[in-house]
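Trainee: Given next are the chains, with one letter for each unit.
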Amino acid sequence: MDTTITENLGSLLKRVTGFDEFRRGQEEVIRSVIQGRDTIAVLPTGAGKSLCYQLPVHALGGTVLIVSPLLSLMEDQVAQLKMKGEKRVAALNSFLAPKERAEVLANLGRYRFLFTSPEMLVQPHISKRLKQLRIAYIVADEAHCISQWGFDFRPDYLRMREWLAALEDRPPVLALTATASEKAIRDIADYLLMRQPELFIHTPDRPNIAMELVRLAGREEKTEWILKNLLRWQGPGIIYVQSRKRAEELAGHLRNREIHAAAFHAGMEGEDRILVQQQFLNGELEWICATNAFGMGINKPDIRWIIHDHLPSSAAQYIQEIGRAGRDGGQSLSTLLYSEGDADTAAFIATDDLPEPETVHFIGKCLAEGMDIREAGELAGLSETALRVISYWLDRLGTAQAAIQMDRLAKAKREEIQSMVQFAEGAGCIRSRALGLFGYSPTFRPAHCCSECGLDPAQILTVRTTARNTAGLQGWRERINSLFGVSAEE
Amino acid sequence: MSFDDILLNIISRIDGERYKHAAFHLMKGKRSGQTLQDTEYYRLHPFFGMLPSLHANDFDLAYRRLLAAGLIAEKEDGTVFLSASGKTRAASQGPVRLNGWSYRGMERLFFARLALAVQTVSHLSAGDKSFMPVTADPVVQRDVKRLFSTVLKGKKPGDLAWEMRSSLEAAGMEDDRLSRFAARLTGKGMSGMTWYQLSEVTGISEMDLKVEWVETLHIWLDSLAKRPTPILAALAKGVKAESPLTGSAKKTAEMYRAGLGMDDIAKQRNLKMSTIEDHFVEIAINDPAFPIRDFAAPEDVKAVRDQAARLATRKLSVLKKAFPGLAYFQLRLILARIGKEEGADGYDDHGKPGKPAEKGHRI
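Line order of the protein sequences matches chains A and B. Position one of the first sequence corresponds to residue 1 (the UniProt record's numbering), numbered consecutively onward. Position one of the second sequence corresponds to residue 1 (the UniProt record's numbering), numbered consecutively onward.
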């Protein structure tokens, strides 16, 4: 049985994608899904995770239901499938107009790939329709978001458990993520009600990304370091920053030095965010100064350099963000700029969305008095995320336990930051220590390993050759003509 | 016209009778009875819904600039009025070219479709079938996709380029303005500029650029309606508001016409009475055949009208003092009918049920 599947998998791959060979890690996952097993796959960024859920359905038939916690990511994956010529794909999310949603719902059986969000999943009329569907398997994408221990915890994702529990004959579940600690993997298996899941865990090590750690006195020194180095060496790259203000500030400094850079953060209009991504993909921008709003779903293979202007709040976030470099396999660099004060800011940001136990008690009291949860949240001055977290735990645990839970979560976050501080202040091979935060060790030591192993960035970076001019405003007739590639006379 | 000048223009129309919030809600296109009523009384149609995602902060900054420049001032009760220099400045302004009432934010849909169509044609003509769409909105994506199997089928890239050039030429706008407009479009190997980037290149503030962009779309769409070209007309389909009523008010109007009373409508629709009242004010504003006699005695209507004219006010609180026997709702309805042509409000003209509103404004 196993051998036939292996043989078939090769030809299936060829038929569907045109590729001759699987990338490392893909084949085992695909086989496990085809065999109907619950599967957890932890594959490093750039390893071709999407193929793991895209291929099995071609052998099994029916519909794949992909649950994705991030709307932007969902749209992106739909777009990429369509780009590859897949027509039987749809997203069922809150972006849809009522008429459109009705249309998708009426044609559910037609789709090979159906993307949806956890919130949609639990809506009774949608849930009912989905249950009538022949689902080949269910995919939980970015599954680390389901874990309360993950840096990207999305309480809504937990609703998937309720939905799965209500299914009489549950199809197999495939959980995909790039980074998950042992704790998070336990959470994933538990929340998704998996039955003896097959685990395929690959080290998050990316040998083609050299790791550099630079200790500096403070923010001004960081700015100086960035400007000096970016004038000398070329990108394209991303600078991850802590705040919108810092993103704007750094991008401004770079532009003043004729380096094409733009800020990217959640405060910008949606259209402008797309334009910035577009410019970056096109090579019109060399650097993006971004908050962590940027990255998920970005598919630029030739990013050469990731710089962290601040201490990431967890190892998982750090690894995820540097993993956006060098997806084409080319030699790339990641630089962490660290100063002593970083820990406090990181702690503040990481726990900002986490309500205090007193706040939980306050909200609980308001609710008991019959107040609407939104109103109570406004009174307490809570962010939307904080309110979602509270609302989820209040529902399930009651006030007292929910308050304790908040404390537990805050403690866990502080511990994660503490281990990042130890990482940044410690000595010894950076790669080994970064992987050690997940319980892995490097498979081998690459030639360009890290600044502790004698890395010389000059050997892998490209010298900046041209100072580019900023383009002025084109005349409108000229621009329209060049958009369509026509000459003025046509 | 700059954002500040537009705000000044709006204030010149509500001079001394409204608070600053009235201008804010108007620009955002809030569909409340009050805002719709203001729009009608003070002839604010061009500005209605011109900036649906306007932030209160940006608005306040502009408002404070006008205050600091001495162009406007606030009375003790907080209502805002024009100073002498404000009046001079307002009088020297060019004509308003916005047409918010007709498009109500939907001009953005036209642009989103246009931008995606341009991007798609641009990539396809360069032999590139896969690209990241400039809009993530699946509705827009589907709209444009449909066009490629209908009006865009078999067209050459030059056809769309020609339509855009000649249609923009015919709309009679300045070259500089159009260059700023075209800079937002994306094609193969050439991305559009963000507002921030456009602001850096031109030295014009982001806010003023956004206002100009909306105005450009309104001017173009108005002109396009008179001289339609095949592809652009398809892209503009459904962008102009067909009925001046909001969807919900329309439903209330239908139920009322079918013979239901206000209480019944509120109950059946599970809406608050105040919402239904807002709907009726909206209908009274927009439907020339609105039967005001069903809601107020003819002599009351006349008395309120005369009083409003004598005091030169449309402030409810003032009129309520003069007519304590009338409900606020009645006063609002009567005010809604001021300025409507005589004889068109259901007294002499005994209803033409089902007939479309002929004398309504800018429908």
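No lab work stands behind these hints, which were simulated from the structure alone. For clarity, every value in this text was computed on a predicted model and none was experimentally measured. Even for Gly, the Cβ is constructed at its ideal location relative to N, Cα and C. Fair warning: there could be bad hints in the mix.
[Said to hold, decoys possible] Here are the simulated SDA-like pairs of lysine to any residue, each with C-alpha atoms no more than 20 Å apart in a straight line: (1) Lys128/A - Leu105/A; (2) Lys129/B - Asn282/A; (3) Lys411/A - Ser432/A; (4) Lys87/A - Lys210/B; (5) Lys82/A - Lys210/B; (6) Lys87/A - Ser130/B; (7) Lys210/B - Leu61/B; (8) Lys240/B - Ala225/B; (9) Lys129/B - Leu105/A.
[Stated by the list, open to error] Pulled from the structure, derived: some chain A residues nowhere near chain B, Cβ distances all over 10 Å: (10) Asn8; (11) Val16; (12) Leu461.
[To be verified] Computed footprint of chain B on chain A; a stretch qualifies when at least three of its residues, placed anywhere within it, have a C-beta under 8 Å from a C-beta of chain B: (13) 96 to 103; (14) 279 to 293; (15) 373 to 382.
Trainee: The structure should be examined with respect to each hint, and the outcome stated for every one.
Mentor: Each hint tested on the structure:
| no. | hint | result |
| --- | --- | --- |
| 1 | Lys128/A - Leu105/A | holds, 11 Å |
| 2 | Lys129/B - Asn282/A | holds, 15 Å |
| 3 | Lys411/A - Ser432/A | violated, 26 Å |
| 4 | Lys87/A - Lys210/B | violated, 36 Å |
| 5 | Lys82/A - Lys210/B | violated, 32 Å |
| 6 | Lys87/A - Ser130/B | holds, 14 Å |
| 7 | Lys210/B - Leu61/B | holds, 16 Å |
| 8 | Lys240/B - Ala225/B | holds, 10 Å |
| 9 | Lys129/B - Leu105/A | violated, 28 Å |
| 10 | Asn8 | holds, 28 Å |
| 11 | Val16 | holds, 17 Å |
| 12 | Leu461 | holds, 26 Å |
| 13 | 96 to 103 | holds (count 3) |
| 14 | 279 to 293 | holds (count 4) |
| 15 | 373 to 382 | violated (count 0) |
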